[in-house]
Amino acid sequence: MPHITLPEGLPGIRGPLAFRPETAKPLNELAEILLRGPSTLAPGERELIATYVSSQNECFFCQSIHGAVAAYHLGGNEKLVLDVKQNYQSAPVSAKLKALLAIAGKVQKGGRHVKAEDIAKARQEGATDLEIHDTVLIAAAFCMYNRYVDGLATWQPDDPAMYRARGALTAREGYGKTA
Amino acid sequence: MKPMFLPEVENSPQPGGRGDMIRQMRNSGKEYPQIWHLFAYRPKATDLLGGFTQEIMRGESPLSPGLRELIAAFTSAGNHCPF
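Each protein sequence line maps, in turn, to chains A and B. The first sequence: position 147 = 147 (our numbering), numbered continuously. Position in the second sequence (first residue = 1) + 1000 = our numbering.
Simulated from the structure, these hints should not be mistaken for lab results. Hints should not be assumed to be uniformly reliable.
Stated by the list, open to error - Beyond 10 Å from chain A on every Cβ pair, some chain B residues (computed):
#1 W1036
#2 A1045
#3 P1062
#4 L1063
#5 I1071
To be verified - In silico DSBU-like pairs for lysine-lysine, Cα to Cα no more than 35 Å straight-line:
#6 B:K1030 to A:K85
#7 A:K109 to A:K79
#8 A:K98 to B:K1030
All of these numbers come straight from a predicted model, not from anything done at the bench. Even glycine gets a Cβ: it sits at the ideal position worked out from N, Cα and C.
Let the hints inform the model, and build the full structure from the sequences given.
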């Protein structure tokens, strides 16, 4: 049961987004530009960062839906999404993405955990300032989305098929494009 | 001011409100909060955060702007973010 009365039948963040359209618009547009806008990081990589941060925040809805979006972008590879959530260091992703995930993980604990050596490591693996910047902003934004979703105790269905279908739709159409 | 982690963010303010403010302060040798660099680097993304902040902090609400700023300041203190 959500802590406040939200529009019914909308899982996770979609309930509070529908409840308050004025704030929904910039929140959706931010997700769209960060996860799907022009970038040298593939949408699948950015969704993996969002999924990892959401799993560290133990936000079931966000890690499920963004995990499904990531898997869709990654050719349906749900195993890779699980590997990244459980132990990205041993997951078959690039050394650059591992360094970016390490930064994202520190942002999740608190911005001040990010140290100069974390940035140096990411640069050494080939990350640009823009990629590091966007990683930090994705991680920070998902801490906000995760807390928004769980701070209102939104309804979060268990059915993986729901997340798979919705994730595929979002991966194809984008954020805030479909009701 | 201490250099930021990402020199490119600090050295490439895009044209527009924040970028102009940064140039003015630099030209007059004054200090300014480095969050301006975050808002000047990737305005397409951060203008949305600005719009969101304006709406949630100053938009129509039964909570007064002062009370909303208190909530923001309290949360920032809890996150150990002095700025």
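Comparing the hints with the structure gives:
1. No beta-carbon of chain A comes within 10 Å of the beta-carbon of W1036 of chain B; the shortest separation is about 14 Å.
2. For A1045 of chain B, the non-interface assignment is contradicted: its Cβ lies about 5 Å from the closest Cβ of chain A, within the 10 Å cut-off.
3. Its beta-carbon lying about 13 Å from the closest one in chain A, P1062 of chain B satisfies the requirement of being farther than 10 Å from that chain.
4. No Cβ of chain A approaches the Cβ of L1063 of chain B within 10 Å, the least distance being about 13 Å, so the stated non-interface status holds.
5. Under the 10 Å C-beta cut-off, the non-interface status given to I1071 of chain B relative to chain A holds; the minimum distance is some 12 Å.
6. A hinted pair counts as satisfied when its Cα atoms are at most 35 Å apart, and K1030 of chain B with K85 of chain A does not qualify at roughly 45 Å.
7. A threshold of 35 Å between alpha carbons decides the hint, and for K109 of chain A with K79 of chain A the separation of about 25 Å falls inside it, so the pair holds.
8. Of the supplied pair hints, the one linking K98 of chain A and K1030 of chain B is violated, its CA atoms being roughly 39 Å apart against a limit of 35 Å.
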